[in-house]
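K.L.:
Residue numbers (this note's numbering), protein chains in the order written: chain Y, 1 to 269; chain H, 1 to 269.
Certain hints may be false.
One copy or two, it doesn't matter: identical chains are merged, so the pair holds either way.
Claimed, not checked - Under the rule of at most 30 Å between Cα atoms (straight-line distance), these lysine-lysine pairs were calculated in the DSBU-like manner:
| no. | residue 1 | residue 2 |
| --- | --- | --- |
| 1 | K197 | K64 |
| 2 | K63 | K53 |
| 3 | K197 | K167 |
| 4 | K53 | K64 |
| 5 | K204 | K63 |
| 6 | K192 | K204 |
| 7 | K192 | K167 |
| 8 | K167 | K64 |
FYI, nobody ran anything at the bench for these hints, they're computed from the structure.
Number of protein chains: 2
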Amino acid sequence: MKGGAAIGIFDSGIGGLTVAREIAARLPHETLIYLGDTARLPYGSKSAETVIKYAVRNVSFLKKHELKAIVVACNTASAVVLPALREIVDIPVLGVIEPGAQAAVAATRDGTIGIIGQPGTIRSGRYETAVLQRLPNATVYSLATPLLVPLAEEGWLGTEVSRLVLKEYLAPLMEREIDTLVLGCTHYPLFKPEIAKLCADTFKLDVVLVDSAVSITTELEQHLAMLVQLNETGAPRHRFFATDSAETFRQVGAAFWGGEFPQVLHIDL
Amino acid sequence: MKGGAAIGIFDSGIGGLTVAREIAARLPHETLIYLGDTARLPYGSKSAETVIKYAVRNVSFLKKHELKAIVVACNTASAVVLPALREIVDIPVLGVIEPGAQAAVAATRDGTIGIIGQPGTIRSGRYETAVLQRLPNATVYSLATPLLVPLAEEGWLGTEVSRLVLKEYLAPLMEREIDTLVLGCTHYPLFKPEIAKLCADTFKLDVVLVDSAVSITTELEQHLAMLVQLNETGAPRHRFFATDSAETFRQVGAAFWGGEFPQVLHIDL
Chain Y
1 MKGGAAIGIF DSGIGGLTVA REIAARLPHE TLIYLGDTAR LPYGSKSAET VIKYAVRNVS
61 FLKKHELKAI VVACNTASAV VLPALREIVD IPVLGVIEPG AQAAVAATRD GTIGIIGQPG
121 TIRSGRYETA VLQRLPNATV YSLATPLLVP LAEEGWLGTE VSRLVLKEYL APLMEREIDT
181 LVLGCTHYPL FKPEIAKLCA DTFKLDVVLV DSAVSITTEL EQHLAMLVQL NETGAPRHRF
241 FATDSAETFR QVGAAFWGGE FPQVLHIDL
Chain H
1 MKGGAAIGIF DSGIGGLTVA REIAARLPHE TLIYLGDTAR LPYGSKSAET VIKYAVRNVS
61 FLKKHELKAI VVACNTASAV VLPALREIVD IPVLGVIEPG AQAAVAATRD GTIGIIGQPG
121 TIRSGRYETA VLQRLPNATV YSLATPLLVP LAEEGWLGTE VSRLVLKEYL APLMEREIDT
181 LVLGCTHYPL FKPEIAKLCA DTFKLDVVLV DSAVSITTEL EQHLAMLVQL NETGAPRHRF
241 FATDSAETFR QVGAAFWGGE FPQVLHIDL
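Extracted from the complex, chain Y is given alone in its bound form (with noise of 0.2 Å):
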């Protein structure tokens, strides 16, 4: 009767359907109970203590369906709110650092370790952390980079101004000559393409790309897994909200998602 749960997963908007979608690929038998906070994005510059309450309130609406297990799929959430939120509920909250670290970890050569994120997710400190706490003699250099969100939203996706972006943003961390970058935030990932363009052919360098999308859908399947909660028939049922419009949120979230939403509907939280 438990793996007839959902998963709970909820982000400051739509960044975090490049989880959902990475979760309902790999898990296909799942439902999702998906929730962007669209009304009060972004998360990434603001300030801990808001994000908290922000999250524990989108927690406190995800709680009145079945669940049994809450992904928080933005990288500033997930570092700054699992405590709070593991104090609500009493089912396995996942966020996307430490599995995002586990990654790098695994993946680095000499343990040079480059991490971008949105500002709220790199003044916590919580990627270097979890880095260190796996790998003591690593060497990690975090960096904030904020345009990259707006610039992936606003479809500046390939662009001139998206390479110069980049190129100025990575180039201190490529004089260090890192070995793995993690993508910290839910957006970066659609700048593979052109990160791997970049590192290879302007910075000369082989860095392997950590997306914490992928990581944290590892862990989740190993942590059903365990418990023995893990579908694996029926049809899932997925269901959408967004706290700002349920329209733009369609509208703008399918490039995420990579197709049609079944259902989006607006809530007031």
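Given the coordinates of chain Y, assemble chain H onto it according to the supplied hints.
P.N.:
Frame of chain Y, contents of chain H only:
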């Protein structure tokens, strides 16, 4: 006694400080009570319903002070919230759209006017309507230029990136040979020198740039003078409130306000 009351101003964040700064410079004996709703910024990408909800909450807070007028410094809010606000207060509520349209109509030589703004402002069509009410023969071209806000906030002013973005955004307006351009967002005046250079050097056009901070200050001054409420003497005692971190407001806002703040308080709305 009424002249001793303050002027309330609110904005989605720090951008409205360009308006507050202009008012403080030209009406140096008026006290300003400024509220930046930094916990919910930006407004420009959100729906009218959500922006109205936030604006009503902001004004309910400002009303706790003794006020003689309220200035809506945010263009998106000015476009959609004035009727709702005029229902809940009995003092004048001024937005930036009407004065900006008025200044554009006064400046244009042949009636071909461009408007740039955030998506919510452009979507509302309010600038266009306000221009056409005053100059029915005008030809108005409106364009959403969302990336300019993060570029300004992240300090990319005067870079190759900002030049490329501005050139790409403005090209379709310049092809139509506008002679007046309304900078319909509080952040855009920071790009004034770059836009002026692009118009003259790249597009070879003589374009008047309309800054709504200047035009709303003129309107406010006339309004207060007419009601015999202008303060001619006395030192102002400005107060600043932010719904997210007061510290961040102080740091990022200093460039917009043009100096140190006397005091910034966090307020939870």
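K.L.:
I want to check one pair: K167 and K64. Are their C-alpha atoms no more than 30 Å apart within a copy, between two copies, both, or neither?
P.N.:
For K167 and K64, the Cα distance exceeds 30 Å both inside one copy (45 Å) and across copies (49 Å).
K.L.:
If the cutoff is 30 Å on CA atoms, where do K197 and K64 land: within, between, both or neither? Let me know, please.
P.N.:
neither (45 Å within a copy, 56 Å between copies)
K.L.:
When no copy is specified for K204 and K63, does a C-alpha distance of 30 Å or less occur within a copy, between copies, both, or neither?
P.N.:
Answer is neither: 48 Å inside a copy and 59 Å across each miss the 30 Å cutoff.
K.L.:
At 30 Å max between alpha carbons, let me know whether K197 reaches K167 within a copy, between copies, both or neither.
P.N.:
Both. Shortest intra-copy (11 Å) and inter-copy (25 Å) distances satisfy the 30 Å Cα cut-off.
K.L.:
Given identical chains, is K63 near K53, meaning Cα to Cα at most 30 Å, within a copy, between copies, both, or neither?
P.N.:
Both. Shortest intra-copy (16 Å) and inter-copy (25 Å) distances satisfy the 30 Å Cα cut-off.
K.L.:
Check K53 against K64 for me: Cα-Cα at most 30 Å, and say if that holds within a copy, between copies, both or neither.
P.N.:
both (18 Å within a copy, 24 Å between copies)
K.L.:
Treating 30 Å as the Cα threshold, decide for K192 and K167: within, between, both or neither.
P.N.:
both (13 Å within a copy, 26 Å between copies)
K.L.:
If the cutoff is 30 Å on CA atoms, where do K192 and K204 land: within, between, both or neither? Let me know, please.
P.N.:
within (16 Å within a copy, 38 Å between copies)
This entry does not satisfy hints 1, 5, 8, going by the numbered hints stated previously.
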